[in-house]
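Protein chains in written order, with this note's numbering: chain A, 1 to 261; chain B, 262 to 696.
Warning: the hint list may mix true and false statements.
Claimed, not checked - Per the computed footprint, the stretches of chain A lying under chain B, defined by three or more beta-carbons under 8 Å from a beta-carbon of chain B, are:
id: 1; region: 48-62
id: 2; region: 66-80
As the list claims (entries may be wrong) - Facing chain B, according to a computed beta carbon distance under 7 Å, are these residues of chain A, among others:
id: 3; residue: G31
id: 4; residue: I94
id: 5; residue: S95
id: 6; residue: S100
Stated by the list, open to error - Calculated from the model, a selection of chain B residues having no Cβ within reach of chain A, i.e. all distances over 12 Å:
id: 7; residue: S349
id: 8; residue: P423
id: 9; residue: H468
id: 10; residue: M613
id: 11; residue: K676
id: 12; residue: Q689
Quick caveat, the hints were computed from the structure, so don't treat them as lab data.
Yeah, the Cβ is synthetic: ideal placement off N, Cα and C, and Gly gets one too.
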Amino acid sequence: MAGSTLEIKDLHVEIEGKEILKGVNLTIKGGEFHAVMGPNGTGKSTLASAIMGHPKYEVTKGSITLDGKDVLEMEVDERARAGLFLAMQYPSEISGVTNSDFLRSSINARREEGNEIPLMQFIKEMDGTMDLLEMDKNMAQRYLNEGFSGGEKKRNEILQLMMLKPSIAILDEIDSGLDIDALKVVSKGINKMRSDEFGCLIITHYQRLLNYITPDHVHVMMQGRVVKSGGPELAERLEAEGYDWIKQELGIEDETVGQEA
Amino acid sequence: MTVETQLPYDRQYVSQFADGRGEPEWMKNLRLKALEEAESLPMPKPEKTRINNWNFTRFEHDVKGEAITSLDDLPENIRVFVDQENISKNLIVQRNHSVAYQSLSDELKDKGVIFTDILTAMKEHSDLVEKYFMKDAAKVHENRLTALHAALLNGGVFLYVPKNVVIEEPVQVIFWQEDDEAALYNHVLLVADTGSEVTYVENYISHNTEKESVANIISEVIAMDQARVSYGAVDNFASGTTAYMNRRGVAYRDAKIEWALGQMNDGNTISENLTNLMGDNSYADAKAVSVGRGNQSQNFVSKIVHYGKHSEGYILQHGVMKDRASSIFNGIGKIEHGASKSNAEQESRVLMLSSGARGDANPILLIDEDDVTAGHAASVGRVDPIQLYYLMSRGISQKEAERLIIHGFLAPVVKEIPIEAVKEQLTQVIEGKVY
Ligand SMILES: Nc1ncnc2c1ncn2[C@@H]1O[C@H](COP(=O)(O)OP(=O)(O)OP(=O)(O)O)[C@@H](O)[C@H]1O
Ligand SMILES: [Mg+2]
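Excised from the complex, chain B in its bound form:
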């Protein structure tokens, strides 16, 4: 029973890498400590998914990407993710491990908004980043992969929204793994200070169907009192990339975090979305859709933990499975003692398109408080023949009817994606994966 997780990246490499990027001392130390811890920490153990044979070691760690002067320089298959009519003034395009394009409106700059790649942030806003980086939402020593994430971090963004600043337009990031072997050890740190509001949308894209790589991604969303964060994502790694993705949120008093995740990777994937409702009256809405195809194996966790009183958590996961793909959907609503008057609801539905596919929906409610409400619904089923009949009775072909039903099934998340172009791309990706 040997899991091959020995990396070709040692203490000396990490140390040089940090120095080369001119990182603050605290980050370099954090990396080295994490690397050391990684050796003894266990791998994550996703429920009912065996990851022994997954590739976590074969990848390139430091790959430059060319800067672009205009978005027109992007290839068509990347440019489509940007709204052509209404190009976001707040946009970062990361190409492999370099920033290729970066813009932030003057208005937001004037208001004190920080939106920059994570490396620049560590240098220019060292204290602020250090205060939140892997402290409250995610921890370095959770398992070997989180530790390696910290040790090998090589990309990501930092978004800070100051007190009471309301950002109307969505802030967008495109993480483009252009090189087939470049690994994204990507970190997104989003801090919404008291009373602020922001909508953030990210896309992960790669096209490596032959060559292998790894994506080890952590997002941390810190929503301070009364802050509102709406977080949309479309994950679209090709089959060669093994993905370990953690999206974490912490919501303080009266804060609200809404997730809309389009989990469309083609490779093996562990994707966990966890929100801690720390404050009274805090609120989390975690919506996620996914499509599994080919031989891919995926494990999804959507979890909301209630600490604050009157906190509300809503989980919705819809997955479509075809070919011989296999997916586990775990929905976990946890109410801690003292979180009275809280409400934890969840719904997990899996639509099976072929008999060789496997889909498990596991709804879990863990409740340590009496005065609460909670509910769950889960189902695994096929396209309803009576629904098909109804649509076909209006002249719609079987194929088109199935298409409508599948898109309809995934609509609860697709419609939540705030940028039209990204929504359109998610629809296209679904289309491509299902047919």
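So here's chain A without its partners, still in its complex pose:
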């Protein structure tokens, strides 16, 4: 079996009564890397949050399925255990809970009671992954994201990704706030995940991330929809020319949500 399939059909999402997503269609399969680009405020994070089940977002129409199973019926934790993962644009800080306890609980949540990951094995895996991501070992015993710098938070999200090994991951601006070296390290981690068993949706503003992680498909979001899709060359053109040509092509004046084409 070649990984999982996440299928998003005609997805409409509201936040506090305001419609943000207005019919998103997207399919991500194991083995595929998709990039989603688009100007600020066009609904990219909303899409990611709706897939994961953020409490503030309400799906009013459409469907999300993972291997045919209705994701919208699932609680947030069930979605995660079904194989979804979201590296968040703004990860929460949780005081008093060490990074390592949190990760261990997350791993054990996927395992049967009585079959928890042996502590030594866990420590070994975490040490190895932190080495790969060039993270300071102290980060394991620090409180979850508390006082982490922007870049450290992003690395920590990738640490979780690598330890939890989801079948479909969404990475929301994993590259923002990263210096060039960190960008390389994080990309290395993400590329290491690449296999037929792993599909990924990468939300980014910058081609520079895609220089390290080559996407198979590139999508552009505007006004709460995917307005254009293509291959890696689409991202390169956006980098060079910006979004105006797409707006012209589609007759869009204001690309943010709330505006109609």
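Chain B with the ligands: place on chain A using the hints.
Frame of chain A; chain B with the ligands shown alone:
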């Protein structure tokens, strides 16, 4: 408006009680005077908490407890408070009103450390105890309950650390109210002489859910110049015990007192922690956590008063409230005139787990000096849904995610408890109270 505080213990009883224990004359007199004063003194008036209906009168005052020859004789639910791998050589177990077990390492004895039950201390170190007992940290006539404490004192310990003696291992006391009706009128007197250092940990335990009793407890910590005292406590009285607890500290020049209090009583509780920073450069760190559940009503005061220049006081109170429990958290930082360059900081946070619970955080800063810094933060809120979402997005169930957040919220104090077994017990108690 009648508050029933008439006790069945009169002058004759107290006098006989003191004689029976062979106490020095000064203590007997202090008791009798206190008993007399108690009649006219008012009850304490905790801010925003009504204590009219609380039981302060129904209890047994003099209940023996059997001695044990080895810690293995303790029941499991008490023994767990002792580190099995690294049994403290400096340990007292008080059972009702008797000492059941007592040990102090030869090394500390040789250095002049005194660690004994308060009765023995009054007899064997009468002058030393008299010098500090309810003089500087707590006073007999503060209110009716402090006076009754002095009159009816029936347990406690005395710990004296001589000049420049540094005790590495924690000193531990377990106060076990084994009898469901035995009242603990317990007094802890800890004197850390100049330049000394000590870590002290105490546990209060009872299991009386049906029968009623009273705990009227005063701890006094005297930290002389340059002394350092780290004081950890886990209060774990069952719902039948009404608790009035006062933990007081006095810090002289360059002295440091650090409190880590796990306030886990299940009954109605008034718990006050007050440190007077008398000396220049003195320092107090008062950390406390509590969990309220059922119908219990609790009132917590954490107060630091600055007299010395350059003195520093830090208050942190975190409380978790569930069911229909009600708690008031008062944080008071007071800087007296002349205590220039002092710093008073406080943080009070209350986490509400149910809509029927009540939690008030009252930060108070009273400042009589210009050249100081001070700050406070207070909040009353629910578990943050975005934090829950983040944890759950990693596959953790809602229940487990809440558990992590609550333990995390209480961690600032739990992690400060110096004895592993006690820390573990505090964690278990929290677990038991929250779920
Ligand atoms: N609570 C809210 N009430 C109203 N509008 C909201 C609310 N939260 C978000 N929005 C709006 O939804 C739109 C989409 O936001 P979203 O975060 O999905 O954008 P994005 O494409 O991820 O942008 P960026 O590139 O800046 O991260 C924005 O216009 C935002 O202002
Ligand atoms: Mg976004």
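Checked hints:
Chain B is given as covering the region 48-62 of chain A, and this holds because 4 residues of the stretch bring a CB closer than 8 Å to a CB of that chain, at least three being needed. Remark: the region 66-80 of chain A is confirmed as covered by chain B, as 5 of its residues place a Cβ nearer than 8 Å to a Cβ of that chain, reaching the required three. For G31(A), the interface hint is violated, the least distance from its beta-carbon to any beta-carbon of chain B being 23 Å, above 7 Å. Given hint, I94(A) at the interface with chain B, holds; its Cβ is 6 Å from that chain's nearest Cβ, closer than 7 Å.
Interface restraint check for S95(A): the shortest CB-CB distance to chain B comes to about 5 Å, inside 7 Å, so the restraint holds. With a least beta-carbon distance of about 12 Å to chain B, the hint placing S100(A) at the interface is violated under the 7 Å criterion. Non-interface status of S349(B) relative to chain A is upheld: no Cβ of that chain comes within 12 Å, the nearest being about 26 Å off. No Cβ of chain A comes within 12 Å of the Cβ of P423(B); the nearest lies about 37 Å off, and the non-interface call holds.
The beta carbon of H468(B) sits about 29 Å from the closest Cβ of chain A, which is more than 12 Å, so the claim that it is off the interface holds. The Cβ of M613(B) sits about 17 Å from the closest Cβ of chain A, beyond the 12 Å cut-off, so the non-interface label holds. At roughly 8 Å, the least C-beta separation between K676(B) and chain A is not larger than 12 Å, which violates its mark as non-interface. Separation of Q689(B) from chain A is adequate, the least Cβ-Cβ distance of about 16 Å exceeding the 12 Å criterion.
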